[in-house]
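Protein chains: 2
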Amino acid sequence: MNFCSNCGAAVELRIPPGDTLPRYVCRQCTTVHYQNPKLVVGALAQWEDRILLCRRAIEPRHGFWTLPAGFMENDETTAQAAARETAEEARARIEVGELYTMIDVPYISQVHLVYRARLLDLDFSAGEESLEVALLREDEIPWDQIAFRTIGMTLRYFFEDRRRGNWPFHCTSLALPPPAP
Amino acid sequence: MNFCSNCGAAVELRIPPGDTLPRYVCRQCTTVHYQNPKLVVGALAQWEDRILLCRRAIEPRHGFWTLPAGFMENDETTAQAAARETAEEARARIEVGELYTMIDVPYISQVHLVYRARLLDLDFSAGEESLEVALLREDEIPWDQIAFRTIGMTLRYFFEDRRRGNWPFHCTSLALPPPAP
Ligand SMILES: [Zn+2]
Ligand SMILES: [Zn+2]
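Chains as they are written, first to last, in the UniProt record's numbering: chain A, 1 to 181; chain B, 1 to 181.
By construction, these hints were calculated from the structure, which means they are not laboratory data.
All residues carry an ideal CB built from backbone N, CA and C; glycine is no exception.
One or more of the hints may lead you astray.
Beta-carbon label-pair distances, calculated as ranges [said to hold, decoys possible]: (1) A:Pro142 to B:Arg61: 47 to 53 angstroms; (2) B:Arg93 to A:Arg149: 30 to 36 angstroms; (3) A:His62 to B:Arg27: 46 to 52 angstroms; (4) B:Glu140 to A:Pro142: 54 to 60 angstroms; (5) B:Ala180 to A:Gly165: 47 to 53 angstroms; (6) A:Pro22 to B:Cys7: 51 to 57 angstroms; (7) A:Asp121 to B:Ala126: 24 to 30 angstroms.
To give a feel for the contact side, a few chain B residues facing chain A, derived at Cβ under 7 angstroms [what the hints assert, rightly or not]: (8) Pro37; (9) Asp75; (10) Thr78; (11) Tyr157; (12) Trp167.
Covered stretches of chain A, going by a simulated chain B footprint (3 or more residues, C-beta under 8 angstroms) [what the hints assert, rightly or not]: (13) 103 to 112; (14) 151 to 158.
Using the sequences and the hints, build the whole thing.
Spelled out as structure tokens, the structure:
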């Protein structure tokens, strides 16, 4: 951040009065520009014993597989975000169920949420951000080609919980970035 | 938003290629400035049969009671945010437990999280944003002077769950703004 989005003057990084952290503060209109973590919301949509997965057509992780998920928008709920992302990336309609995982990713200032969901019909196809969309059984999932760690964790929780026959809410955090390739 | 925080030129509201919603886009450097919901994180800290509450010294809702809570910062986890807000607003140390409530507040583009927590000692006091801090029993809580609906809901869930002796995770949303005063 270099300029004030309110008045266009230069900003400087300093600790505002009564605050504890450095913020971008406008030198002219004194607006304090806070920066906050982002929510990424997705859906684990089931059809019988299969899960709806998308292969990414965009960076980061072009060509890798993921659950439909993306940045939450203003004016929507987390459940609406899960359904919207599924509609956009997999052109699929779901009934959103319970919140299933919440995973903090502090080193990129994100919080990832995944809802369990029920796929409503088989009329799905790749959206603009997907190369392909598929319904995959556990043994068909390309485990070494999953785009994001939080998605891989969510999928592993799912198949473990299905074997155990109960569905706890999983809440955890990733303390460290992934190792470099 | 009037100006680009990257280059200082004027922004315009338009739908970028491949997108579906209007965004603030810089006329000069073409940066797209997304706006996303914010996470508010708090703690419901227990000491025996009492709960730690703060009376607000700032707007909105000056003079009303709340659980220690505030906007999540970059580079922290949600549990760290709960502990930090409790340290700042109630100058209190807690052991953060399970995530207890997640309530969507789409009409102000926020998601509110509250963790259950254990107060570690009785050495607490009002931080800069609080008029006073108190440990209150259920019958001492000023129910008609609670600052925010999500906090009132969380407190009611707590006392109901305590009576029932089980502690489910509560995940819901507030569909409509509160009635005008
Ligand atoms: Zn300014
Ligand atoms: Zn610009």
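Against which earlier hints does the structure fall short, listed by number upward? 3, 6, 7, 11, 12, 14
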